[in-house]
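Q: Fit chain H to the given chain V structure using the hints.
Chains as they are written, first to last, in my numbering: chain V, 1 to 471; chain H, 472 to 972.
It is worth saying that the hints were derived from the structure and are not from the lab. Here the structure is a predicted model, which means the values were calculated and not measured. Even glycine gets a Cβ: it sits at the ideal position worked out from N, Cα and C. One thing to keep in mind: the hints can contain errors.
[Said to hold, decoys possible] Computed beta-carbon distance windows for the label pairs: (1) V/Lys-457 / H/Ile-476: 20 to 30 Å; (2) H/Pro-482 / V/Lys-457: 17 to 27 Å; (3) V/Ser-182 / H/Phe-521: 42 to 52 Å; (4) H/Ser-772 / V/Pro-359: 36 to 46 Å; (5) H/Arg-634 / V/Arg-439: 30 to 40 Å; (6) H/Thr-486 / V/Thr-53: 16 to 26 Å; (7) V/Thr-286 / H/Ile-493: 54 to 64 Å; (8) H/Phe-521 / V/Asp-349: 40 to 50 Å; (9) V/Asp-349 / H/Tyr-581: 37 to 47 Å; (10) V/Thr-53 / H/Gly-666: 32 to 42 Å.
[What the hints assert, rightly or not] No farther apart than 30 Å at their CA atoms in a straight line, the calculated lysine-lysine pairs in the BS3-like style are these: (11) V/Lys-424 / H/Lys-917; (12) V/Lys-51 / V/Lys-153; (13) H/Lys-641 / V/Lys-424; (14) V/Lys-153 / V/Lys-92; (15) V/Lys-424 / H/Lys-587; (16) V/Lys-27 / V/Lys-87; (17) V/Lys-153 / V/Lys-87; (18) H/Lys-917 / H/Lys-587; (19) V/Lys-393 / H/Lys-584; (20) H/Lys-641 / H/Lys-776.
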Amino acid sequence: MLFIPELSLLIGSLILFGVSLGEGKEKWAHIVVLTLSVVTSLLCLATLGQKGTLFFEAYQIDLFSQLFKLAIAVGMMVVVIIGSQLKGVSVKVKPEYYLFMVLSTLGLMMLVSCVELLSLFVALELSSYALYLMVPMRDDQGGLKIQMEAAIKYVLFGVVATGTMLYGMSYIYGLTGTTYMSGIVPKMHDLAGNPTAMLAIALFMSGFFYKLAVFPFHFWVPDVYQGASNATTAFIASVPKLGAAAILIRITTLVAPDAGESVVMLLMVCAVCSMFYGNLSALVQTDVKRLLGFSGISHAGFVLLGLVTLDTVGFATSMYYISGYLFMNLACFLVICKVSRNGENVSVDDLSGLYSRAPLLALTLLVGMMALAGIPPFVGFMGKFMLLTGALKAGHLTLVILAALNTAIAIYYYLSVVRVAFTKAPEGRPDVPVDALTRVVSIALIVIIIVMGVVPKPILALATSAVKSIL
Amino acid sequence: MDFLIINEGFPILSTLVFLPLIGAFVLMFLPGENLQRIWAMLITVATALFSIPLYTRFDMTTAKYQFGEHVSWIPSLNINYTLGIDGISLLLVLLTAFIMPLCVLGSWTYIEKRVKEFMICLLIMETAMLGVFMALDFALFYILWEAMLIPMYLLIAIWGGARKIYASIKFFLYTLAGSVMMLVAIIALYLTNDGSFSIPMMMGQDYPLTFQIWVFLAFFLAFAIKVPMFPFHTWLPAAHVEAPTAGSVVLASILLKMGTYGFLRFCLPITPLATLTLAPIVLWMSIAAIIYGGFTALAQSDMKKLIAYSSVGHMGFVTLGIFFLNQQGLEGAILQMINHGITTGALFLCVGMMYERTHSREIADHSGIAQNVPIFVTFLTIFSLSSLAFPATNSFVGEFLVLAGAFSENKIIAGAAIPGAILAAAYMFRLLQYVLFKGPGRPGLKDLNVREIVTLAPLVFFVFWIGLAPEPFLEVMHTSVDYLLGQVDMAKAGAHIAMAP
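Chain H extracted, bound-state conformation:
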């Protein structure tokens, strides 16, 4: 247990995981839609507040898992309830905890029917998502990973748009089919580790290369579908477009990150040799995703679809940063995960707010509305600029780090990613150009109200904070990323020794 710093005293991680679940349970018995909304808001805000000590009390000097909790769960299979976070998961936990209140706030009037059930689904999602980022036991991780399927399915299937049936089924089937082989890989790892599901214990073992490759492929399928990487992305536009605003935000801001988090947490440290062997292929797949996402986004007339395809491209940058396996790339990738969560979540919220007013997501229906809704357009412009990585916004820092990491390793692949950055500018400016200048506008369109401004303002704050002073966000991950790279290098060195005659 030397990898885990057990948290004596108040079990802060368990509180974060179970507070939303308890909130959901209480919500079942609450009458009145407004009370239900307020209760969900209270619970998510409380969770967000409880997560702040994670940052303030985080020890940046160690790569061990902190705030650890360890309880035996199913002794006959040696399954434990083990939670802990390190520099890689800390920011993702915070992101999840802070996005959720905004989801509730963004759905305040958007969701008109079955408010109670909607909020219950959101709260159960929050429990599962926070748990996934904290779990250090593979069985626990898998249970939480799969447990997300049902509430997410319901969010799309009940409160979704016109093609919700198709989109929700596709989401469910893709995700589940991707993860069944991961289950077999988990069990195989469990057996080779003398019956232990502990994730840190699985790292740094010298498994044979063939075994590593099989495990890597099983993991890769599950995570690549979740990211989603080209060509596994086809569920994403459907799910994003049909989901209600909060569903899209949860999908884009948090669920997609679980794929890249999986690469960082499992593929790199558990199967480092397979990662090194297969990294070139993954890198080219990332390039394909960046270019493909960019071009497809350019061709969309539906705002949600445009943002959905832009996600494919942005997540391509993240995987690009991860699989170059250097400090800058990895840190850029993690930061980019957070940035994408903030920016894309905000863009989906913006589109949802307009959809409430115009019941359309077509760009053409919103041409020239800048003259009618100046506050809205200001927000939209800020987030669009952030999305295309404009200097002084958050994505600029992340993308810059990723590209810097890429250029130091392989100039050809790095160069191939550049058109992606240009395409991002093209499709975002195209959107802005329509919304700002073209067309007659829509007289009578109401501008954002206070609730909506409150929803978006925190995100603007983070856009500029990370954009201008990213150090507080980067410094927490230095040690963990160092340690992660050390694990990969050690495997590389070990392999060289083994290969030497």
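One chain only, chain V, in its complex shape:
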């Protein structure tokens, strides 16, 4: 029972493998993967309250892991729906594409449950390798082979980050003599202030900084976002970040609540650099996906704000923020996927007159962008507000002021996207057809973004008890 969501994905991937063997089965593949994502989401929901360990205690099922699994499954479902026709992916490889997407999701689901370093590494690689293959699966756009460039960059940076992480793990094993988190925690507390231990933690974190796109492990972001097909980018931009945030919270609990001064310093520097780098670079972007990539870097910085507090509320706020980010981001990518007619990239100007071409999409874009910018009553505001409150409570005044300044910088580029959609004339651009399922998903995303922002109480309570379950 404990393993059932993962099991369903595993079975689903086998079915998809079978489907991919035949010719002209891409319709079938889509139906399978859609059913699979819905079933998995429901199974995650069903196993939400479960607790237990598997595989020689290397695999832990608790509220924390199950909440993240639910978010990951829902994220995958939305990506499957908004990328329905997989525009920009060759017909021949569509079933394989879905296969890898499912495998990557499976890896991420396993990742959030792993409490042992080696299984953690295996799960991370399972999700990463599938993603490495999804990036180049795109029709060549203009003969420049940008998808290949993106894939190579993604792989190279990924491998370096993984290597760094393994190096950190080896230190941790050397210092503590165990690969189990439960064994590492008490020994780490004894090693408080030991420079080697801090270095080990820092190196260990870097693998997940890469996934979350935190400065200085962000270099892959703009090119991969631009080079990968729209649906792939939607997936990369939202779902793996959940897994990364989950593990970063787990790692930070290794040093919390005391003696993490150098780790806190490291997180703060990374957070500030990510915010400034992401926001300042986003100001000059013309490609919407690239813009969202840079905005993602700055949001990764915000997620770290919750970690620097080193307390339960801070971790819970980070969880709340990253799950809110999932929905805000998906709302924006939904618009990109629909506006792009043949899977080409969408520039800011392509959104001209969206307000008259597809009013619902324009509204979704408005809500998504303004939520990312942190305007109330959306979830982005509430998340930022709580992160800032938590960070100031922990005494980081400078950090909070710098973060607040960043909100002011960021508003400009979010607003300029909205401005184009609402005030520019369409100039002959055709209306965007929106099918019924997309309508439902758009409205659902808008409602979720507003409700999460106005009534954060239940989600926060859930996140708090989830964080308590792993401490």
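A: Positioned in the frame of chain V, the structure of chain H alone reads:
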């Protein structure tokens, strides 16, 4: 909770806040433009009617917050849904509730495309604006304060004039950039008050002076941009000119008041020492705004721009009255806030009505139209006289009180404001002179119809009511203003004791 009189029974403030929001939600599903207009009208009128009991049942003998409502919202951060009004916010709530139906009525034919979306934006604005004046929880206040940005942005960006893109972006960026530091100050206050966002709990605490000054500056930036005070005013002419009539009215009548309301509600009672320390600078900034606004208004050829710059000057009088920190000045300032809401709102409505007919806002295009549209010109004359504080109109009372308060404190600064009053007469008479006498007129120009007369008539009524018998408006604020000054004086006394060796 002894500062709040909880309202048992019908939750009147929540009704006022949520009625427009519910109206906006229902409006999404209503077909037909006329039905949509009528529905928006019904909702705003209903809100206005619901607000009347606030005045009739208002207890003038207490400075506590009345009609209070208190519900826990986000317990983990101790954020509450706390509403309440006192003598300072009562009139602003009433002003908001009564201006909105006129905005809907004034946009009846002005807005031709996307009526539904327009009315939804207006109704969401009404919810947020009413909420801002009632909120007694700082987190709630900030959320409502920022929530206004998006509908206001859309009002300017979609239904605005030629340079709407520039104006709307400028409005958004200025307002948002101004308020982010306020957020940091709010969180800092929250932490120094043992984790409470309650605004009344933050008042009257003896924070150290340096802390007060930082908080004051963070607040000041946000509110000074909203007022707008010279030199933070540059977003205002652009936004006013490009916004549709209803947008200009909402901006001028209500949004600008939020800045001065912020000074009264937060700066004075929460950071009294910083207020006393920095008041001279703010006073001179007010003088600069009065003179600068007056001279710039004198040079405008666009009627909306003229009124926009006159707003800068008029709001300068309001801040002048606030920062002298005496009874007359404060009461004059609050009354002047209401007066400016009535008069400037009316002037923008007038300009909008002419714009519908002539598609021009240039003064020169309307020269001599008095012979063609006598009813319109009558209204315009009344509101112009009110704007320049002609005796027997509302602004005269307010401006007189402000200047009386000013002269009792500092004759130099008060004297420096006098040219502003003269300039107001100059630019308004210049406008009137063109419209009334100069030029050939425009034969064939239609005079105001019944709907437009109905829109403007209530405002004329208030112009003369406040002008001739201001006591009903002043008496509701006496106790609250007294109490507010008491808070400032207490801090002053405390500081003297602390400084004594």
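Q: Next, verify each hint and record whether it holds.
A: Hint check:
no.	hint	verdict
1	V/Lys-457 / H/Ile-476: 20 to 30 Å	holds, 27 Å
2	H/Pro-482 / V/Lys-457: 17 to 27 Å	holds, 20 Å
3	V/Ser-182 / H/Phe-521: 42 to 52 Å	violated, 60 Å
4	H/Ser-772 / V/Pro-359: 36 to 46 Å	holds, 38 Å
5	H/Arg-634 / V/Arg-439: 30 to 40 Å	holds, 35 Å
6	H/Thr-486 / V/Thr-53: 16 to 26 Å	violated, 53 Å
7	V/Thr-286 / H/Ile-493: 54 to 64 Å	violated, 41 Å
8	H/Phe-521 / V/Asp-349: 40 to 50 Å	holds, 46 Å
9	V/Asp-349 / H/Tyr-581: 37 to 47 Å	violated, 31 Å
10	V/Thr-53 / H/Gly-666: 32 to 42 Å	holds, 37 Å
11	V/Lys-424 / H/Lys-917	violated, 34 Å
12	V/Lys-51 / V/Lys-153	violated, 39 Å
13	H/Lys-641 / V/Lys-424	holds, 16 Å
14	V/Lys-153 / V/Lys-92	holds, 24 Å
15	V/Lys-424 / H/Lys-587	holds, 20 Å
16	V/Lys-27 / V/Lys-87	holds, 13 Å
17	V/Lys-153 / V/Lys-87	holds, 23 Å
18	H/Lys-917 / H/Lys-587	holds, 28 Å
19	V/Lys-393 / H/Lys-584	violated, 49 Å
20	H/Lys-641 / H/Lys-776	holds, 16 Å
Comparing the model with each earlier hint shows violations of hints 3, 6, 7, 9, 11, 12 and 19; every other hint is respected.
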